[in-house]
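Protein sequence lines correspond, in order, to chains A and B. Residue numbers are given in my numbering: position 30 of the first sequence equals residue 30, and the series is strictly consecutive. Residue numbers are given in my numbering: position 247 of the second sequence equals residue 1247, and the series is strictly consecutive.
These aren't lab readings, by the way, just hints derived from the structure by calculation. In this text, a Cβ means the ideal position worked out from N, Cα and C, and glycines have one as well.
Pair ranges (Cβ atoms, derived):
#1 350(A) with 1162(B): 28 to 36 Å
#2 136(A) with 1044(B): 19 to 27 Å
#3 201(A) with 1055(B): 52 to 60 Å
Cβ-to-Cβ under 7 Å is the rule here; a few derived chain A residues that face chain B:
#4 87
#5 138
#6 145
#7 153
#8 276
#9 318
#10 319
#11 325
#12 329
Residues of chain B clear of chain A, computed beta-carbon distances all greater than 10 Å:
#13 1042
#14 1057
#15 1111
#16 1118
#17 1130
#18 1140
#19 1194
#20 1203
#21 1205
#22 1215
#23 1228
#24 1229
#25 1232
#26 1283
#27 1284
#28 1363
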Amino acid sequence: MSATTVRPSAAPRDLSVGAPVAGDEIAWRPSTTGIAARVAVLALGLGALGVLPLIVAPLTRNVLATTAVYGMVAISLNVLVGYTGQVSLGHSAFLGVGAFGAGFVLTQLALPWFAAVVVAVALGIAIAGLLGVVALRVRGLYLALVTLALAVFAERVLFGIEPLTGGGGGQTAVRPTWASADLAYAYVCFGGLALAWLLDWRLTASKAGRAIRALRDSERVAASWGIDVTRYKLLAFVTSGAIAGLAGALFASITEIVSPITFNFMLSLSFLMMVVVGGIGSRIGVVLGAALYTALPYLLDAADGRYRWFPVDGSASQVVGALLLLLVLVRFPGGLAQLSAPLIRWCSFKPARARRTGATPTAGGGNDVRP
Amino acid sequence: MSAPTTDRPAALEAEVAVPATGDGPDDRPGLSERLSVSAAEHRVGIAWSVAIVVLAAAMIAAGMDVGAMLVNGLGAGAIYAMVALGIALVYRATRVLNFAQGELGTMPAFIVVLILLGGDLEGFVDPAQVSFGRLLALAGLAVVIGAVLAVAVNLFVIQRLADSSPVTSLVATAGVALLLIGVQVVAFDLQSRTFPQFFSGSVHLLGLRFPSHTLVVASVLVVASVLLVGLFRTQLGVALLASAQDPFAAELHGVSARAMSSLAWGIAGGLAALGGVLGAGVFEGITPGLMTSTFLIPAFTAAVLGGISSPAGAVVGGLLLGQVSAAANTATVGLGISVPNAPTLAAFVVLLLVMAFRPLGLLGKEA
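Only chain B is shown next, with the shape it has when bound in the complex (with noise of 0.2 Å):
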């Protein structure tokens, strides 16, 4: 290679330096620096705090079950957030808002009780039966399945559009959920399935009720935040942030964004996975498009609350949200209001307000 042309390279790099991705972890702030905040934000902060202690104190006082309110929350905010995870991390990576995160977690669902029953449809599973080993390896096998389809669906359809709006992309994603909608619909009928709630029963902790699903739900939630926090320790978690932050940089460091993008779909699809299996397991059913009815607007709605691109809040916003929802819920039932689907409509309440205040939303940075 001639100089002029070893030159160049340098030259571009200092151009586009991007200094967080210089030396890997430990140049990252702290976590105390992240969560530092500015006086007027902390004024907030405990403003909000003394607003919700005085709603859970009247809430008591009313005589409304706030133990119960919380646990109820837990359950689904737990699920919220697994699928924000997943919305956040792609739209971090791609910046795609991925409609088709819930289906992506109905079609693992469907595979796996088609699996339990042995192909009849029809038939009726007894969770007692089934031994932890073979959970574990269904499980397993749905979050390969759910990763498989994620990546299929970055490498044909969303890599293809790659210069276009995120609109599109988000057109496109949607186009990929009626897709694996329509083929549940071919393949399993328009009909509800029972789905098998392992796990059943429930636990008594601090004095509260869990259900032992909840409690599953909420574990496995911990340990895929714990291994994603592990994951952006390592040399890949960090190309990965790179590739996100800056896909030309990145590329001149030798990270394949196409690869990168991959894996955060990838990741995706089989936190998807998991919250198919376990969100099937609340209803203890299964109907085609599950999901995206269910879980997919809430969820949109916890990453937005959280802050679109961070993970971190995506988890915050679903726990949040699914708190808010119970709220809701306990708040309408106890003073005898009737509105229809009260958790629908606060959640539609909680992002119009963070539209309107924040739209970066609780932890986000850039919109």
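Isolated chain A, as found in the complex (with noise of 0.2 Å):
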């Protein structure tokens, strides 16, 4: 490729002043013995996470269920986050107008489970886009009060009125016939998080992707190099709805009954947790948050049991939780993604060490992807 016809949109990232010539990294192989090594270990961990709805004990499998569902919408949130810079308070409502969406179509309308999945997609799909024509004129603190008056408008007034969501008793949600044990239906919840997880991988390695994180970067200067802010940015907010309504119509079928209770605004701020703690910008290092805080009270709770030592138990899940957010914020801001990145960048064929150490990252800016 002729270095003239190269846009700025699709450079190579690691292109600044005194860095190598981009496509070194690439020229980088590990060792015949490396490459074996790196797909063992990618094997035995992709097999391990593949059986583990199995061995688990049968009550856990919603659990895992339910991390997996989380670990989607932790994804959803980086997309926003992460990429765009812009903090959503609202993912609470976006989980639940997919959750209530689907229960509305398989209760109230009886139809198949694949409907109820396109129309909370659909559903996830509108409201991020009507936040996102909101984002393009408030960003910063105002979008984050926006979108946290959005997420209590939606617990207290939307998943509220009767006809719609069943008001305070909830709207039950049926699994599919072919999915209606826990077993399975943690593996359908498994699999949609593979296709979230590739969702956001193609998002990321596309120009799209390039171009949405330059517009988190500077509007303007994105914006002067021919990038088109508008359709990027809701392109943004309409991916990140989509992955949270596929979220929220696997997340009402889990316990099959939906409830306005569960979408509190509250559930908005564990998501931040996860993806904070996680590593703000890095796919795998939220999905690990998004693990860590759904497991977190049971973890504790068998710890309690275990040892007599241990001083809590699930109970100071919460406590437990906002302190490990604090400790990320103010030592480790790159979170879990940064505390285990030499192993993440081993596991994906990379030098162990990055060649150059970007800017650090934070909530509001962010680092470029990750692995």
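Take the two lone chains and join them into the complex the hints point to.
Dropping the structure here:
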């Protein structure tokens, strides 16, 4: 490719003053044993993840399904927080809209499960698109406030409309007949997570993903390079909404009943904690964060049951979670992704140490996409 | 000190000199000047006033109890204003949108009820048995606890994140709120406790029936506002405002920005504690996370409505939002429309309208 045809949005991201020519990283290859070791570790890890629903206690399978769904929400929130740099406190509303949409289609309209999923995704896209239009006007703290108000509005007004959501009693949402067992449904949720992962990966690897990240760093500069600000900003919100809507449809059928009280605006704060503790902008980090926060009460309960010296049980999970968040913010701004960066880089066939350290990631700006 | 170095501070000072902080309060524009508005704004104001009068007339004509509505609006609005005042102060001083403002109030309220009940949370306290002096002492204690908590949050979290974006700080204060709620859940269990409403009963004034609690809340708000206005006239208050406006220039004049941020947080914490004790009194009960789930979001809306960095705007916004919520409630009940949680809906609509048409808020000068 001749240098003159490289569009800015398509330029390699490591291109900077003093850095070696782009493509240097691609030239690096681990040795044959190195490749074998990496493949073995990856296969083991993925295999362990795959059989996890089989080997855990039957009652824990729903916890795994919830973890997968929260992982999807974390990926969805990361699209906004990590790539566009805008904080959303409205993801409980996104999730709830998807869940209630699916419940309505399944119970009131008695349509098949796939129709419910389609409707949930469409509703997620619609609400996120609306928020995206708002985000074209206000950003930063003000946008955070609007999303927060949206979450509260959805929780207390929208989800309380009896004919649509069943009011306080909630809406039933039966599982598809081919996945009515807990085990099968856990695999369905894992599939959803894989789908969200794939979507996020393709987004970040494409021109659109680079354009969105360029908008985060400076809208004016991005616009001057010919990036359509409106289009790509809306695209980011729509992608986020689609993933959250899908997550909502899957979430609805975990307990097979959707009630408004679940989609408390505090849930949005939990999602934000998952993303920040996991590592803003890092796909694997936010999923790890989601897993950590979903499992935390169960882990604490288990530890409390096993060891006598363990001071707290599951009821303290919020204290532990919040302390973790503050610790990460003050001491380790990159979160779990930063802490496990060497391992992740090793697994993704890259040199164990990053060649060039970028800016420190923060909740507002965030680093570029990390593996 | 050699000659060249003595020149430097003077040069720097000239560069960053802030006119308003020059000679204390006398240099600031008078009240009438600050409230002066352009002709266009004047017309908008008149249009709004007419609209409000027409609306009120329509509500009276429809047989709704507008008097009771005003009283209800005052009761809720005064607490919104108190919480919003703290949010505005903290925002002005440290550019942080404080998500923990509600919980800084619930925590002291819990401790107050714990002391009242002598450590036994299952019990019940008769408000008539508590002497007025003890009540004042408890309120003072709550204010101190709230202030200490807030200063600790500022020193251990906010100041360490001073270089990061405002959104990071927002996430951090949300973490503090979750931490405080978590501590309450662990210490007091996730269930409702009765909280005594001191001064129950009601008073007839101007032909309206005011619950005594509403009058107490309103007078506490008035006293707090007067004290704050008084503070801003002292040298300490001017230093606080100067530090909020330009920390660097203020430091050149010998004002410690760190101490001033702690002062702002401390005042906000005290206000939060008052809001917590009075807010729990409204519900005559207290649960972990009470203030966050009930008053925080309206308070944010009120602060934005009034202009987020303006303490005066926060009070105005809070009182206005209280009236809007009460009006929404009265109107939906009166017309027989079943909207779940009409006040929340009204607050959301108000926030969207402010964002769309006047992002600086009613009294705001800078975003």
